[in-house]
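Participant: Going down the list, the protein sequences come from chains W and C. Whatever position you read off the first sequence (first residue = 1), add 248 for the numbering used here. Whatever position you read off the second sequence (first residue = 1), add 573 for the numbering used here.
Hints are not guaranteed to be accurate.
Distance ranges between label pairs, derived from CB positions [to be verified]:
#1 C:Leu594 <-> W:Tyr385: 55 to 65 Å
#2 C:Gly657 <-> W:Phe463: 55 to 65 Å
#3 C:His654 <-> W:Ser455: 51 to 61 Å
#4 C:Ser635 <-> W:Ser301: 37 to 47 Å
#5 C:Arg599 <-> W:Arg302: 19 to 29 Å
#6 C:Ile605 <-> W:Ser263: 26 to 36 Å
#7 C:Ala596 <-> W:Ile253: 55 to 65 Å
In the EDC-like style, the derived pairs of lysine to aspartate or glutamate whose C-alpha atoms are separated by at most 16 Å in a straight line are [what the hints assert, rightly or not]:
#8 W:Lys334 <-> C:Asp593
#9 W:Lys439 <-> W:Asp321
#10 W:Lys333 <-> C:Asp653
#11 W:Lys334 <-> W:Asp321
#12 W:Lys334 <-> W:Asp322
#13 W:Lys334 <-> W:Glu318
Don't read these hints as lab results, they were simulated from the structure. A virtual CB, placed ideally from N, CA and C, is assigned to each residue, including glycine.
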Amino acid sequence: MAVTIDPIHQFELKSLVPLGHIGHQQLAFTQSALYMFAAVGVIALITIVATSSRAVVPGRIQSLAEIFYEFIDDTVHQATGDQGKKFMPLVFSLFMFVLVLNLFGMIPYAFAVTSHLIITFGLAALVISVVVGYGVYKHGTHFFGLFVPSGVPKPLLAILVPIEVISFISRPISLSVRLFANMLAGHIAMKIFAFFVVQLLLAGAWSVLSPLPLFLTIALTALEFLVAALQAYVFATLTAIYLNDALHPGH
Amino acid sequence: MNGDDTKGGGQGAGTPPESDLSARLRRLETQIERKRPSAAPGTSARPRDTSRTPLGQAMTLSTEFVAGVIAGGILGWIADHLLGTKPWGMIVLLLLGCVAGFYNVMRASGFAGRGPSGARPGGSSGTGPGDETGAAPALEREKKGGSGHGGHD
Numbered sequence: 249m250a251v252t253i254d255p256i257h258q259f260e261l262k263s264l265v266p267l268g269h270i271g272h273q274q275l276a277f278t279q280s281a282l283y284m285f286a287a288v289g290v291i292a293l294i295t296i297v298a299t300s301s302r303a304v305v306p307g308r309i310q311s312l313a314e315i316f317y318e319f320i321d322d323t324v325h326q327a328t329g330d331q332g333k334k335f336m337p338l339v340f341s342l343f344m345f346v347l348v349l350n351l352f353g354m355i356p357y358a359f360a361v362t363s364h365l366i367i368t369f370g371l372a373a374l375v376i377s378v379v380v381g382y383g384v385y386k387h388g389t390h391f392f393g394l395f396v397p398s399g400v401p402k403p404l405l406a407i408l409v410p411i412e413v414i415s416f417i418s419r420p421i422s423l424s425v426r427l428f429a430n431m432l433a434g435h436i437a438m439k440i441f442a443f444f445v446v447q448l449l450l451a452g453a454w455s456v457l458s459p460l461p462l463f464l465t466i467a468l469t470a471l472e473f474l475v476a477a478l479q480a481y482v483f484a485t486l487t488a489i490y491l492n493d494a495l496h497p498g499h
Numbered sequence: 574m575n576g577d578d579t580k581g582g583g584q585g586a587g588t589p590p591e592s593d594l595s596a597r598l599r600r601l602e603t604q605i606e607r608k609r610p611s612a613a614p615g616t617s618a619r620p621r622d623t624s625r626t627p628l629g630q631a632m633t634l635s636t637e638f639v640a641g642v643i644a645g646g647i648l649g650w651i652a653d654h655l656l657g658t659k660p661w662g663m664i665v666l667l668l669l670g671c672v673a674g675f676y677n678v679m680r681a682s683g684f685a686g687r688g689p690s691g692a693r694p695g696g697s698s699g700t701g702p703g704d705e706t707g708a709a710p711a712l713e714r715e716k717k718g719g720s721g722h723g724g725h726d
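Whenever a hint applies, use it, and build me the whole structure from the sequences.
Facilitator: Laid out in C-alpha cells, this is it:
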C-alpha cells in the first residue's frame, strides 16, 4: 500500500518570504504570519467596515459584529463588574483573534495557527503581564496580597503562599496549553479518521466498512467547529476572570 | 492599539466617562427588560451551559493539573540554576507544583471555590472554569486539604 499517513505534516511552518538570520535561527515570513494578517483583516472587516454605516436597524454583517460585541461585553461584565469595562477592548480583540484563527483552521487545507504552542503562549503571556502590570500599577504591593489567603493560621501560610504563587504561574501555562492542545488534538484526530476512509477503501473486501470512519469524520468535524468557538470563548472568559484579580486583588 | 480606537469610535460619538456610560446603559437595560417577554433571561443563559460539555470539562481539568506541575517544574529548574541547589529545588517545587495542580483542579471543578454547593455545575456555570474570585470558603477547604496532606507526610 503506497498511502502513508503523516498527521503532523499539516502543522509544518513554511517560509514564504525569507527575512535573514539571527545566528543560526532563520527568520521568515511564514504562512502562519500570513494567516494572522488575514485574521486581522477579517476582524477589521467585521468590526470597522460593518459598523461604519451605524444603522439603527443593523444589516447582516453589522448585527454579526453587534452580537460578538454584546456577547463579550456581557462576559467581561459578568466576570469583572463595572470597573472591567476598560479591558473590554483587550478581551474582545483576543476573542476575535482566537475565534477567527480557530475557524480558519477548519477550512480544508488551511493552516491552524492556534495549534502552535508559541502563539497561544504569547497570547497568554500578554494576558498575564497585563494582569500583573495593571495590578501592581493600581494596587501597588497590595496586589501581592492575592497570594496570601486570609483567615489561615500563620504556620500554614509557609505552605500555602508558595502553592498560591505556583498556582498563579500555572495560569498562563494552562491558558495556552488548553487552546493549543484542543486545536492540535482535534486536527490530528480529523486527519487520522479521514485517512482511515482511504485506507479501508484500498483494503479490498474491507472497503464495505469505509463509511464508518467517514461518518465519524463528519461528526468530528462538527465537534471541531464547536471546539473552535468554545475555546475562543473559554480563552476570553478566563482572561476576564484573571483580569478581575488585577482589579480586585483582595482575598 | 488600532482596534481599540475604532471600537471606541464605533461605540458612540466622543467618549463619556465610564460611570456616566454605565448609568445610561443600566437605564436602557431596565427599559428593555420591561418591554421584553419574560423568556429572555432563560435564552441568554443557554449558551453558557454548552461550555460545560464533558469533553470540555475533561480538557479543562487535565490542563489545569498539568499546568500546575509544569509551573512547579520550571520554577524548580530556575531555582536550581540560580541558587545551585541542584536536585532539591526541583524536587520540592515539583511536589509543590503537584499540590498546586490539585488545587487548580479542585477550584476548576468547584470543590474549592465559591463555596462547596454554590459553584457546582448546576449554578452559575458561566464562570465555572475559574471560581477564583470567592476564595474565603475555598481556603477553608484548602486548609483542610493541606493539613490532611501534612498528616500523610
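Participant: State for each hint whether it applies.
Facilitator: Cross-check of the supplied hints:
In this structure, C:Leu594 and W:Tyr385 break the distance hint of 55 to 65 Å, their C-beta atoms being roughly 23 Å apart. Look at C:Gly657 against W:Phe463: about 59 Å separates their beta carbons, and that is inside 55 to 65 Å. The hint said 51 to 61 Å for the Cβ distance between C:His654 and W:Ser455, and at roughly 57 Å that hint holds. C:Ser635 and W:Ser301 have their C-beta atoms about 46 Å apart, which keeps the hinted 37 to 47 Å range intact.
The hint said 19 to 29 Å for the Cβ distance between C:Arg599 and W:Arg302, and at roughly 23 Å that hint holds. The hinted range of 26 to 36 Å is not satisfied by C:Ile605 and W:Ser263, whose Cβ atoms lie roughly 52 Å apart. Between C:Ala596 and W:Ile253 the CB atoms are about 60 Å apart, so this pair conforms to the stated range of 55 to 65 Å. Between W:Lys334 and C:Asp593, the direct Cα distance comes to roughly 14 Å. Compliance with the 16 Å bound is thereby established for this hinted pair.
At most 16 Å may separate the alpha-carbon atoms for a hinted pair to count; W:Lys439 and W:Asp321 exceed this at roughly 36 Å. Our distance criterion of 16 Å between C-alpha atoms is broken by W:Lys333 and C:Asp653, whose separation comes to about 42 Å. The suggested pairing of W:Lys334 with W:Asp321 holds, with an alpha-carbon distance near 11 Å, which does not exceed 16 Å. Taken as a hint, the W:Lys334 and W:Asp322 pair is honoured in the structure, with Cα atoms around 13 Å apart against an allowance of 16 Å.
Proximity of W:Lys334 to W:Glu318 is assessed by CA-CA distance (about 15 Å); at most 16 Å being required, the pair is judged to hold.
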